[in-house]
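Student: Each chain, letter by letter, is given below.
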Amino acid sequence: SQKIEQNSEALNIQEGKTATLTCNYTNYSPAYLQWYRQDPGRGPVFLLLIRENEKEKRKERLKVTFDTTLKQSLFHITASQPADSATYLCALDDAQAGKSTFGDGTTLTVKP
Amino acid sequence: DTEVTQTPKHLVMGMTNKKSLKCEQHMGHRAMYWYKQKAKKPPELMFVYSYEKLSINESVPSRFSPECPNSSLLNLHLHALQPEDSALYLCASSQVRQGGKLFFGSGTQLSVL
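If you read the sequences in order, they're chains A and B. The opening position of the first sequence corresponds to residue 1 in the working numbering, with each subsequent residue numbered one higher. The opening position of the second sequence corresponds to residue 113 in the working numbering, with each subsequent residue numbered one higher.
One or more hints might be untrue.
Okay, derived cross-link-like pairs now, DSSO-like style, lysine-lysine, Cα gap no bigger than 27 Å in a straight line [to be verified]:
hint, chain 1, residue 1, chain 2, residue 2
1, B, K152, A, K99
2, A, K55, B, K213
3, A, K3, B, K153
4, B, K130, B, K213
5, A, K99, B, K150
6, A, K71, B, K153
7, A, K99, B, K213
8, A, K111, B, K152
9, B, K134, B, K165
10, B, K150, B, K213
11, B, K153, A, K111
12, B, K134, A, K3
13, A, K99, B, K134
14, B, K152, A, K63
15, A, K57, B, K150
Read the hints as simulated data drawn from the structure, not as lab findings.
Using the sequences and the hints given, assemble the complete structure.
Tutor: Structure (structure tokens):
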């Protein structure tokens, strides 16, 4: 069966450090993978999209990698700040079904 | 305008009530979605409209009835809900159905008593 796993439910790090979040999947062949940020009581906000033929994508302090052999994406936030504290969701495109499916999310807490 | 607007923000209803959730976008997107999200869980897809036609229904109970009156509007009609239907209901849109990048509204927090 298809499965999307994000490394841990919660991740706590110190301000200034790099946060690394993991998204692993099985039985998908996604054309692209996305990362979203969600704050409590709000809808997810799109951050980055990476296609299957791309290895890495960057946007300001954010970096995403995509390894279709390992079936894994890594999401990095460098120089983390308390304002980065939120839940981060990965989403995989299921081209056959014509929809995206979300992982369970990782709640990041950045301590000052 | 890059917003998806949902109303109401909060809704409390009894199991015999009929209510509607509304969603609006003016980005020219041709795909619109309803998601349901329980606390500490990811959003779960309910319905997808593509070019105002229902293209995906994820086996949602008939007490939830979607409607897409035009390309900018999406409604979710609720009738005879159960307490377990209490959740955050999110509307989203994208340029086309298979194009990534979903724009979400802030959601309607629904409580069924």
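Student: Work down the list of hints and note, for each, if the structure agrees.
Tutor: Comparing the hints with the structure gives:
no. : hint              : in the structure
1   : K152(B) x K99(A)  : 21 Å, holds
2   : K55(A) x K213(B)  : 19 Å, holds
3   : K3(A) x K153(B)   : 14 Å, holds
4   : K130(B) x K213(B) : 32 Å, violated
5   : K99(A) x K150(B)  : 20 Å, holds
6   : K71(A) x K153(B)  : 22 Å, holds
7   : K99(A) x K213(B)  : 11 Å, holds
8   : K111(A) x K152(B) : 21 Å, holds
9   : K134(B) x K165(B) : 17 Å, holds
10  : K150(B) x K213(B) : 22 Å, holds
11  : K153(B) x K111(A) : 24 Å, holds
12  : K134(B) x K3(A)   : 32 Å, violated
13  : K99(A) x K134(B)  : 22 Å, holds
14  : K152(B) x K63(A)  : 25 Å, holds
15  : K57(A) x K150(B)  : 31 Å, violated
Hint compliance for this structure: hints 4, 12 and 15 are broken, all remaining hints hold.
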